[in-house]
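Chains A and B are the protein sequences, given in the same order. The first sequence begins at 1 in my numbering and counts up by one. The second sequence begins at 114 in my numbering and counts up by one.
No lab work stands behind these hints: they were computed from the structure. Glycine included, each C-beta is placed from N, C-alpha and C at the ideal position. Don't take each hint at face value.
[Said to hold, decoys possible] Listed next, the stretches of chain B that the computed footprint assigns to chain A, with coverage defined by at least 3 CB atoms under 8 Å from CB atoms of chain A:
1. 154-164
2. 194-208
3. 215-221
[Claimed, not checked] Using 20 Å as the maximum straight-line C-alpha spacing, the simulated DMTMM-like pairs for lysine to aspartate or glutamate come out as follows:
4. B/215 with A/52
5. B/183 with A/83
6. B/183 with A/100
7. B/215 with A/68
8. B/168 with A/83
9. A/78 with A/44
10. B/183 with B/128
11. B/215 with A/97
12. B/215 with A/44
13. B/215 with A/56
14. B/183 with B/123
15. B/183 with B/199
16. B/215 with A/83
17. A/71 with A/57
18. B/215 with A/14
19. B/191 with A/57
20. A/16 with A/50
21. B/168 with B/142
22. A/78 with A/63
[Said to hold, decoys possible] Estimated spans, in silico, between C-beta atoms of each pair:
23. A/59 with B/122: 21 to 29 Å
24. B/225 with A/84: 26 to 34 Å
25. B/228 with A/50: 13 to 21 Å
26. A/84 with B/183: 23 to 31 Å
27. A/18 with B/120: 35 to 43 Å
28. A/99 with B/183: 34 to 42 Å
29. B/153 with A/38: 12 to 20 Å
30. A/50 with B/227: 19 to 27 Å
31. A/101 with B/193: 17 to 25 Å
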Amino acid sequence: EAGVVQSPRYKIIEKKQPVAFWCNPISGHNTLYWYLQNLGQGPELLIRYENEEAVDDSQLPKDRFSAERLKGVDSTLKIQPAELGDSAVYLCASSAEGGDTQYFGPGTRLTVL
Amino acid sequence: AQTVTQSQPEMSVQEAETVTLSCTYDTSESNYYLFWYKQPPSRQMILVIRQEAYKQQNATENRFSVNFQKAAKSFSLKISDSQLGDTAMYFCAFGHGGATNKLIFGTGTLLAVQP
Chain A
1 EAGVVQSPRY KIIEKKQPVA FWCNPISGHN TLYWYLQNLG QGPELLIRYE NEEAVDDSQL
61 PKDRFSAERL KGVDSTLKIQ PAELGDSAVY LCASSAEGGD TQYFGPGTRL TVL
Chain B
114 AQTVTQSQPE MSVQEAETVT LSCTYDTSES NYYLFWYKQP PSRQMILVIR QEAYKQQNAT
174 ENRFSVNFQK AAKSFSLKIS DSQLGDTAMY FCAFGHGGAT NKLIFGTGTL LAVQP
């Protein structure tokens with residue numbers, strides 16, 4: 001069974017440019033999470049989806065960050081415009097309905113110059 | 114709010130030896146889950162072991178075991194017969210489970226297994 005897939009693995013952009021990250025969860029997992037991991041820190045939740053509904057986006061900086069999961073499967077996280085402080089690893093995870101264990105993708109390392 | 118503390122930023126162990134990583138947490142909940150994740154340089158966060166708070170028996174997975182002390186809010190990870198491939202960052206995480214399935218992570222412990 002395939003794990004959580006994320007792309008791209010690396011992204012380098014100039015500040016003020018837009019950027020998007022894509023995530024495909026484990027097949028059958030209805031819950032999807034986006035986490036932000038700063039260097040030397042543990043991941044922090046940005047947003048959680050139950051199917052296509054964002055049920056917890058309290059930590060998402062909505063002035064520049066947006067996310068969508070239109071058909072309840074794949075998800076896209078967007079930053080526009082990117083700032084220097086957005087340089088970090090963006091992790092996607094998924095879990096089964098009612099499940100307590102989250103499975104993570106390989107992450108996208110974003111560098112903003 | 115829940116917090117997770119890992120007081121050992123770095124640790125080192127010789128190959129084939131045993132090492133214990135510490136984790137403490139703070140919560141007022143009675144039902145929750147605790148996890149140890151491993152993150153090698155490839156950045157993939159890999160689940161090592163999982164503990165349900167309502168179970169008194171400590172979880173084990175091959176060479177990995179935990180010492181779960183609910184009253185003390187302590188959740189340490191023991192790695193036996195350490196291997197070079199165990200070199201990684203290890204994160205302790207607290208999970209609410211259920212309708213608010215959010216993980217709270219510690220700051221991690223960088224484990225280096227020496228040959």
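Comparing the hints with the structure gives:
Given a C-beta distance limit of less than 8 Å, the hint that chain A covers the stretch 154-164 of chain B holds, as 7 residues qualify and 3 suffice. Here the stretch 194-208 of chain B counts 3 residues with a CB under 8 Å from a CB of chain A, which clears the bar of 3, and the coverage holds. Only when three residues or more bring their CB closer than 8 Å to a CB of chain A does the claim for the stretch 215-221 of chain B stand; here the count is 6, and the claim holds. For the hint pairing residue 215 of chain B with residue 52 of chain A, the CA-to-CA distance comes to about 17 Å; that is within 20 Å, so the pair holds.
For the suggested pair residue 183 of chain B and residue 83 of chain A, the alpha carbons sit about 42 Å apart, so the restraint of at most 20 Å is broken. For the hint pairing residue 183 of chain B with residue 100 of chain A, the CA-to-CA distance comes to about 18 Å; that is within 20 Å, so the pair holds. Our distance criterion of 20 Å between C-alpha atoms is met by residue 215 of chain B and residue 68 of chain A, whose separation comes to about 19 Å. A hinted pair counts as satisfied when its Cα atoms are at most 20 Å apart, and residue 168 of chain B with residue 83 of chain A does not qualify at roughly 45 Å.
In summary, the hint linking residue 78 of chain A to residue 44 of chain A is supported, as the alpha carbons are separated by about 17 Å, within the 20 Å threshold. The straight-line distance between the Cα atoms of residue 183 of chain B and residue 128 of chain B is roughly 31 Å, outside the 20 Å bound, and the hint therefore fails. At roughly 14 Å between alpha-carbon atoms, residue 215 of chain B and residue 97 of chain A fall within 20 Å of each other, so this suggested pair holds. About 9 Å separates the Cα atoms of residue 215 of chain B and residue 44 of chain A, which keeps this hinted pair within 20 Å; it holds.
Taking the CA atoms of residue 215 of chain B and residue 56 of chain A, the gap is near 9 Å; set against the 20 Å cutoff, the hint holds. Pair hint residue 183 of chain B plus residue 123 of chain B does not hold up; C-alpha atoms about 25 Å apart against a cutoff of 20 Å. Between residue 183 of chain B and residue 199 of chain B the CA atoms are separated by roughly 27 Å; this puts the pair beyond 20 Å, and the hint is violated. In summary, the hint linking residue 215 of chain B to residue 83 of chain A is not supported, as the alpha carbons are separated by about 26 Å, beyond the 20 Å threshold.
With a C-alpha separation of about 18 Å, the suggested pairing of residue 71 of chain A with residue 57 of chain A holds against the 20 Å cut-off. Only pairs whose Cα atoms come within 20 Å are accepted, and residue 215 of chain B paired with residue 14 of chain A is rejected, the gap being roughly 32 Å. Distance check on the hinted pair: residue 191 of chain B and residue 57 of chain A sit about 35 Å apart at the alpha-carbon level, beyond 20 Å; violated. Of the supplied pair hints, the one linking residue 16 of chain A and residue 50 of chain A is violated, its CA atoms being roughly 31 Å apart against a limit of 20 Å.
Between residue 168 of chain B and residue 142 of chain B, the direct Cα distance comes to roughly 14 Å. Compliance with the 20 Å bound is thereby established for this hinted pair. With a CA separation close to 11 Å, the supplied pair residue 78 of chain A and residue 63 of chain A stays within the 20 Å bound. The given range of 21 to 29 Å is respected by residue 59 of chain A and residue 122 of chain B, whose C-beta atoms sit roughly 25 Å from each other. At about 31 Å, the CB distance of residue 225 of chain B to residue 84 of chain A agrees with the hint of 26 to 34 Å.
In this structure the hint that residue 228 of chain B and residue 50 of chain A lie 13 to 21 Å apart at CB is violated, the actual value being about 46 Å. The beta-carbon spacing between residue 84 of chain A and residue 183 of chain B, approximately 43 Å, falls outside the hinted interval of 23 to 31 Å. Distance hint for residue 18 of chain A and residue 120 of chain B: a CB-CB separation of about 40 Å, consistent with the stated range 35 to 43 Å. About 22 Å separates the C-beta atoms of residue 99 of chain A and residue 183 of chain B, a value inconsistent with the hinted range of 34 to 42 Å.
Distance hint for residue 153 of chain B and residue 38 of chain A: a CB-CB separation of about 18 Å, consistent with the stated range 12 to 20 Å. Evaluation of the 19 to 27 Å hint for residue 50 of chain A and residue 227 of chain B yields a failure: the beta carbon distance comes to about 44 Å. A C-beta distance of roughly 23 Å is found between residue 101 of chain A and residue 193 of chain B, which places it inside the suggested range of 17 to 25 Å.
When each numbered hint is compared with the structure, violations occur for hints 5, 8, 10, 14, 15, 16, 18, 19, 20, 25, 26, 28, 30.
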